[in-house]
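Chain order of the listed sequences is R and H. Counting from 1, position 173 in the first sequence corresponds to residue 172 in numbering that gives the first Met the number 0; the numbering is continuous, with no gaps. Counting from 1, position 132 in the second sequence corresponds to residue 131 in numbering that gives the first Met the number 0; the numbering is continuous, with no gaps.
Watch out, some of these pointers could steer you wrong.
[Said to hold, decoys possible] Here are the simulated lysine-lysine pairs, DSS-like style, with alpha carbons at most 30 Å apart:
| # | chain 1 | residue 1 | chain 2 | residue 2 |
| --- | --- | --- | --- | --- |
| 1 | H | 57 | H | 151 |
| 2 | H | 57 | H | 117 |
| 3 | H | 117 | R | 147 |
| 4 | R | 147 | H | 151 |
| 5 | R | 133 | H | 117 |
| 6 | R | 133 | H | 151 |
Derived from the structure by calculation, the hints contain no laboratory data.
Below, each chain spelled out in residue letters.
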Amino acid sequence: MGEETPRTRTIAVGAIARVEGEGALRVTVKDGAVQDVELRIFEPPRYFEAFLVGRHYSEVPDIVARICGICPVAYQMSAVHAIEQIFGLRVEGALRDLRRLLYCGEWIESHALHVYMLQAPDFLGYESAIAMAKDHPALVTRGLRIKKAGNAIMTLLGGRSVHPVSVKVGGFSRVPSRRELEGLTAELLWARDAAAETIRWAATFEYPDFAPDYTYVALHHPDEYPFNEGRLETSNGLSISVGEFEQHFTEHQVAYSNALHCTLQGAPYLVGPLARINLNHDRLPPSVKQVLAGTGLSLPLRNPFHGIISRSIEMLYALEESLRVIERYEPPPVPALAVTVRSGTGTACTEAPRGILYHRYRVDGDGVVREAKIVPPTSQNQGRIEQDLRQFMPRLLNLSNDDAALACERVIRCYDPCISCATHFLKLEIQRGSGT
Amino acid sequence: MNSERGSSSIRIIGLGNEFRGDDAIGLLAARRLIGVLGDRAEVVEAGVAGVELLELMKGAGTVFLIDAVRSGQGLGTIHRFDVSSGPIAPALFPRSTHAVGVAEVLELARTLGVLPTKVIAYGIEAGDTEVGHPLSPQVSHVLNEVVQLILKEVEASACTNSIS
Numbered sequence: 000m001g002e003e004t005p006r007t008r009t010i011a012v013g014a015i016a017r018v019e020g021e022g023a024l025r026v027t028v029k030d031g032a033v034q035d036v037e038l039r040i041f042e043p044p045r046y047f048e049a050f051l052v053g054r055h056y057s058e059v060p061d062i063v064a065r066i067c068g069i070c071p072v073a074y075q076m077s078a079v080h081a082i083e084q085i086f087g088l089r090v091e092g093a094l095r096d097l098r099r100l101l102y103c104g105e106w107i108e109s110h111a112l113h114v115y116m117l118q119a120p121d122f123l124g125y126e127s128a129i130a131m132a133k134d135h136p137a138l139v140t141r142g143l144r145i146k147k148a149g150n151a152i153m154t155l156l157g158g159r160s161v162h163p164v165s166v167k168v169g170g171f172s173r174v175p176s177r178r179e180l181e182g183l184t185a186e187l188l189w190a191r192d193a194a195a196e197t198i199r200w201a202a203t204f205e206y207p208d209f210a211p212d213y214t215y216v217a218l219h220h221p222d223e224y225p226f227n228e229g230r231l232e233t234s235n236g237l238s239i240s241v242g243e244f245e246q247h248f249t250e251h252q253v254a255y256s257n258a259l260h261c262t263l264q265g266a267p268y269l270v271g272p273l274a275r276i277n278l279n280h281d282r283l284p285p286s287v288k289q290v291l292a293g294t295g296l297s298l299p300l301r302n303p304f305h306g307i308i309s310r311s312i313e314m315l316y317a318l319e320e321s322l323r324v325i326e327r328y329e330p331p332p333v334p335a336l337a338v339t340v341r342s343g344t345g346t347a348c349t350e351a352p353r354g355i356l357y358h359r360y361r362v363d364g365d366g367v368v369r370e371a372k373i374v375p376p377t378s379q380n381q382g383r384i385e386q387d388l389r390q391f392m393p394r395l396l397n398l399s400n401d402d403a404a405l406a407c408e409r410v411i412r413c414y415d416p417c418i419s420c421a422t423h424f425l426k427l428e429i430q431r432g433s434g435t
Numbered sequence: 000m001n002s003e004r005g006s007s008s009i010r011i012i013g014l015g016n017e018f019r020g021d022d023a024i025g026l027l028a029a030r031r032l033i034g035v036l037g038d039r040a041e042v043v044e045a046g047v048a049g050v051e052l053l054e055l056m057k058g059a060g061t062v063f064l065i066d067a068v069r070s071g072q073g074l075g076t077i078h079r080f081d082v083s084s085g086p087i088a089p090a091l092f093p094r095s096t097h098a099v100g101v102a103e104v105l106e107l108a109r110t111l112g113v114l115p116t117k118v119i120a121y122g123i124e125a126g127d128t129e130v131g132h133p134l135s136p137q138v139s140h141v142l143n144e145v146v147q148l149i150l151k152e153v154e155a156s157a158c159t160n161s162i163s
């Protein structure tokens, strides 16, 4: 679609497929140079912040699980950790392991969805997973089966398959028996091998030569690949506690979007699988490092299109970690620690599939939420997506409008932007013209 | 989800986000049906399920999906689509909170040969989907009608099943 005048050309693409959420991208090109890139997204977490105020702390895990259909566990984990900090609770041992396992389930599901259903069609030349499924049913079925292995963890630990309901402040409303967890093992073993195969498969794709100079940000833990805790570290040497997040990361309102853009010392930065692997690869177990080495890729991964590889690597890691947790599991003495309500403010950051998810809550003496702040990964990556598009656009200027738009979609999809809390339509406009 | 899975071949799947205004309509209809259907059909509250729908439909002979839609028609308009006979336009479900659209998942199921024999999708025209808002009066007004329509179809299907 498009219209042309002697001076300007506008492409309006109705929807960017396979990007979760609602939004629009407007690219302005003048005299053959990219003038401006504006990504507008609708960001419901902001609306949930207000919705949480006045609610009892015990309702928070269930409410925040509804913000996003893809990463409900991430929202629950950041929320319960922040509230537990206020109450002076520390969840350790088997309960902590179970939370880690639940998070593995979410990563497996989310990454399998993105790798197989959302990004692979770009590399194999299909407009959608449905089109890809016609020619490669076995591939799509493999992706769906890996995803299902993650979903089985979510269903067992979360109490149901779409919105987990068993997570609570202090632990879980119910914990599984050893036997129940062991029931997952056979399928997780299959999925582990399939994930290793996925990495080898993704490494055969042809990748555009593109390596922006990113500042990576991720959690960093002394001896674990990060899920639920760690310090916030960046590739330019910053290392802070999560409580210091708001001193270094600033949110800005931009005129064209209702989503806030987050910057680190005034500049965009990258969160998510690429950032995590680059900052935490030494925390990956030898078996995962070995598969990664077999791809011939060297770290740090700087090409956003390698997002599909980094997700595949993390999928393998999450499967190995799940099996490790299950193997050593002994049910905890109680499903949840006793809670003593007290007033205060707590912060937490956990690693959602798409990157760090920051929550801050202020709770009063009755356990009622008085203030809530949520900074989702996609709002942190927004500035970086725009910057990537600015850098990538010049090589697209000779393409037809439709082809340029498709190429932009592919860049955006590398980030797996989860604006899905809203809807799944991203309108894209490219305006081309000569100088005034 | 929080309903029991049984061996019944008729399954009703309600979709939506209960905290987001009219988006809750599918869930609310499913909840009402739990009360009136008893063991005549299995009812699943699927929240914002996307690709998970493939699993949620598995094993059922007949599936009724209930979800909010936006097609530009009047608020509360009830659409009925026979998915078994052909695809639904993806644009009908643009405002849903689901990760991958319902229409796309159904087509994926068809492509992979796992679409249940009979799939009927009920779409209720939604308006306000703001967080924390209630159902709009026009959508609330048709809740009972949707429930009755599905009830009638379930009874007819159950009848056909028992004859065949």
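**Report entry** Distance restraint between residue 133 of chain R and residue 151 of chain H, which requires alpha-carbon spacing of 30 Å or less
**Finding:** Violated, at about 36 Å.
Query - Holds or violated: residue 133 of chain R to residue 117 of chain H, with C-alpha atoms at most 30 Å apart - result: This hinted pair holds, its Cα atoms lying about 21 Å apart.
**Report entry** Hinted pair residue 147 of chain R and residue 151 of chain H, Cα distance within 30 Å
**Finding:** At roughly 34 Å apart (the allowed maximum being 30 Å), residue 151 of chain H and residue 147 of chain R break the hint.
Query - Straight-line alpha-carbon gap residue 57 of chain H to residue 151 of chain H, limit 30 Å - result: Holds - the C-alpha atoms of residue 151 of chain H and residue 57 of chain H are around 23 Å apart, at most 30 Å.
Query raised in the report: Can the restraint linking residue 117 of chain H and residue 147 of chain R be considered satisfied, given a maximum Cα separation of 30 Å?
Result: Roughly 24 Å separates the two Cα atoms, so the pair holds.
Query raised in the report: Holds or violated: are the alpha carbons of residue 57 of chain H and residue 117 of chain H at most 30 Å from each other?
Result: Answer holds: residue 57 of chain H to residue 117 of chain H is near 12 Å, not above 30 Å.
Of the numbered hints listed earlier, those contradicted by the structure are 4 and 6.
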